[in-house]
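A.B. asks: This is what each chain is made of:
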Amino acid sequence: MIRGGILLGLASLALAGAVSHSEARTPVSVNDLAIMEGMPKKLSEFGFFYRPRSQESLSAVAYELNTPLYSDGADKLRFAYVPHGETIQANGDGLLEFPVGSALIKTFAFGEGGDRRLIETRVLLHRAEGWVALPYVWNEEQTDARLAVAGARIPVMTPAGENISYRVPNKNQCKQCHVKDGEVTPIGPKVRNLPLSWLAIAIRTGDLGLDTADLPFGPAVAGGRRMPDWNDIEHSSVDARARAYLDVNCAHCHQPGGMASNSGLDLRWEQDDSHALGIRKPPVAAGRGAGGLLVSIEPGAPDKSILVHRMNSVDPGVAMPELGKSTIDAEGLAVIRQWIEEMPAPPSAQ
Amino acid sequence: MIRLTAAALLLASAAPAWAETHTIEPGEGVQERLQEALILAEPGDEIVLAAGRYALTDGLSLDVDGVTLRGAGMDASVLDFTTQEGAGEGLLVTSDDVTLRDFGIENAKGDGIKSKGADQIIYHAIRVEWTNGPDASNGAYGIYPVEASNVLVQDSYIRGASDAGIYVGQSENIIVRRNRVVENVAGIEIENSNFAEVTENLATRNTGGILVFDLPGLPKVGGGNVLVARNAVIDNNTDNFAPEGNIVANVPAGTGVMVMANTKVQVLDNALVNNSTSHVMLVAYTQEFDDDRYQPRPVQVEVRGNIYGSGGNAPDFAGGDLIAAAMGGTLPPILTDGLHQGLGRGDNVPILTLGLTKVGQPFSEAQPSLLPPVPITSTWTNDPVALPEGMEARLK
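The listed protein sequences correspond, in order, to chains S and R. Sequential numbering of the first sequence, starting at 505, is according to my numbering. Sequential numbering of the second sequence, starting at 20, is according to my numbering.
Bear in mind the hints are in silico, worked out from the structure with no lab data behind them. Don't take each hint at face value.
[What the hints assert, rightly or not] Coverage of chain S stretches by chain R, computed from C-beta distances (three or more under 8 Å per stretch; other residues unrestricted): (1) 588-601; (2) 674-682; (3) 785-796; (4) 814-821.
All residues carry an ideal CB built from backbone N, CA and C; glycine is no exception.
With the hints as constraints, model all of the structure from the sequences given.
C.D. replies: In structure tokens, the structure reads:
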């Protein structure tokens with residue numbers, strides 16, 4: 505359990521994303537009622553940030569993930585808010601269970617330092633009837649963001665220097681990724697995908713229901729209790745890194761109860777059935793997305809693998825993920841290619 | 020919008036009393052206006068698409084139960100996705116009791132309309148078309164309900180799908196009737212589904228007219244209890260333009276009705292005309308699989324009361340031409356790979372068997388012959404598919 509009050513001990517981490525110290529402070533306190541009902545027209549109505557442009561908060565705690573979702577190279581600032589006196593339950597190495605009244609906040613930004621521009625902030629609100637996802641788009645002045653239930657398209661330049669039409673998802677599209685068995689759920693904050701340093705502080709300042717000794721130090725192993733940083737070539741195997749990447753970028757849809765459950769493809773970290781993972785698995789409803797290839801993954805042959813073909817496309821109808829991606833994640837693709845390249849051929853099923 | 024939520028809850032069954040109609044006009048900002056209406060709708064509401072052409076850049080989605088999306092006609096209100104930049108389909112429905120009617124969808128980059136887990140859905144008089152005709156770069160499915168109970172697709176027109184015009188997958192209790200499916204790879208495909216009626220449709224100029232398939236390794240396997248009746252299945256000779264890898268890429272051009280794996284399928288009283296490979300084909304799944312739940316053969320298939328026109332004159336599979344030549348120039352109207360179990364033979368026409376004896380055996384090992392006459396041994400019937408009370412009344 506993490507106590508809400510003690511989470512404040514972590515709040516200093518929220519300053520990590522701070523840029524402008526000249527920005528005036530707006531005295532705010534979190535509007536718990538706005539979390540619980542209605543659809544606030546402006547992000548400021550929640551009162552999460554006292555310096556909106558710098559994304560500084562005293563009430564919401566910043567966190568990062570070992571392996572994050574690729575979003576066209578956007579810089580992502582993540583915060584968790586828990587109502588005063590409430591507790592978070594740790595659930596093994598899985599998803600943290602946030603109490604009703606909590607909010608998860610994720611701001612997407614492009615540009616470095618003083619040029620940083622906030623594009624959108626997505627909030628997940630834990631209400632009595634379940635989680636609700638709402639997208640907010642930042643104004644030119646960077647003083648506030650307005651509710652955009654229908655989403656938006658915004659021109660941005662990616663860190664790779666590409667000019668794209670960046671897609672802010674609509675409210676339904678938020679749900680498409682966050683749905684599991686018909687209910688909206690958080691995806692990111694799983695114990696296994698939170699940095700050990702963050703967890704260690706949480707354990708020291710509060711009580712995560714874990715001992716520091718329980719934290720899985722040492723190399724991350726695919727399917728194990730800790731997900732690696734998918735980009736950490738030095739410390740993690742390509743197997744663990746690729747599986748972490750697939751879990752975070754694909755498995756929110758590609759799992760039982762997810763939006764792509766009917767494909768039979770299950771790319772979750774904990775999945776160990778080779779067919780479910782796509783190895784020598786023929787496509788089901790991929791249509792032209794299959795690109796003339798016969799299986800999702802052909803061991804040793806990335807160029808014969810539909811997975812690679814679809815990651816390597818920005819054509820709607822082919823591109824995967826279907827939402828939240830306008831550019832190819834070259835580095836992610838490289839890891840998946842290497843993983844398939846080095847994959848031993850499984851024994852024939854016949 | 021302020022609503023009396025508590026009162027609405029108390030009187031949930033009377034929701035239509037509060038139902039509102041929201042009319043959307045084409046023009047500036049229509050992507051946001053239409054999507055916003057779809058998101059803010061309340062159960063019982065109707066969203067009306069005024070006549071005109073709606074230029075859309077992103078997929079639309081509906082996630083509210085009991086909403087009707089209605090246009091002024093399949094050619095009058097057109098959702099045009101020619102310039103679509105994102106999402107995997109034109110329209111995605113994820114809520115129950117939704118009625119889609121009287122509008123068209125053109126040139127979606129992926130599927131036309133997909134409904135997932137959307138029970139009691141009605142597609143009525145919808146047009147989904149890829150206007151350039153058959154092309155491998157077209158979207159896969161026109162109308163695509165999947166993982167649902169109680170599906171009605173009727174009076175619709177689908178053209179140009181690079182997989183199936185109407186595809187119902189992993190669902191049950193299904194009626195597909197009075198549709199026209201033209202120039203798709205598969206006209207209509209019922210896959211891994213149970214209790215389906217496909218009746219009174221026109222399937223023409225597809226690669227294969229009507230397919231009843233079951234595939235291994237999916238969350239739902241074991242399709243069956245499918246009735247294919249009173250359809251006109253004519254001239255389905257379009258070259259297969261499905262991207263390789265998809266199961267329909269294996270369907271020979273010139274296929275009328277094809278049953279693969281599935282139990283209890285009736286092919287009754289159809290008009291089967293000028294399908295140049297075979298009017299009715301029964302085949303086992305040919306690829307390797309590892310799924311204990313899966314029955315790869317067609318089991319208990321009844322073929323009766325059909326009218327057979329010309330056909331079988333240009334079989335589109337390896338060695339088919341030699342077999343045809345040996346049979347006097349054309350293949351018989353019914354073809355089985357030999358792996359079926361329990362063929363109820365009600366039609367007095369020749370049946371060609373390829374004489375395979377093992378699932379997965381290559382066609383190159385075929386031992387073609389005509390099946391000896393067998394008596395009608397039908398000992399089962401499919402109960403009629405009954406949709407829940409009140410579902411069709413939504414179309415009043």
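A.B. asks: Decide, hint by hint, whether the structure agrees.
C.D. replies: Hint check:
1. For the segment 588-601 of chain S, the assignment as covered by chain R is violated, since 0 residues bring a beta-carbon within under 8 Å of that chain's beta-carbons and 3 are needed.
2. Coverage of the segment 674-682 of chain S by chain R holds [criterion: at least 3 residues with CB-CB distance below 8 Å; count 6].
3. A stretch counts as covered by a chain when three or more of its residues have a beta carbon under 8 Å from one of that chain; for the segment 785-796 of chain S and chain R the count is 12, and the coverage holds.
4. For the segment 814-821 of chain S, the assignment as covered by chain R holds, since 3 residues bring a beta-carbon within under 8 Å of that chain's beta-carbons and 3 suffice.
Checked against the numbered hints given earlier, this structure breaks only hint 1.
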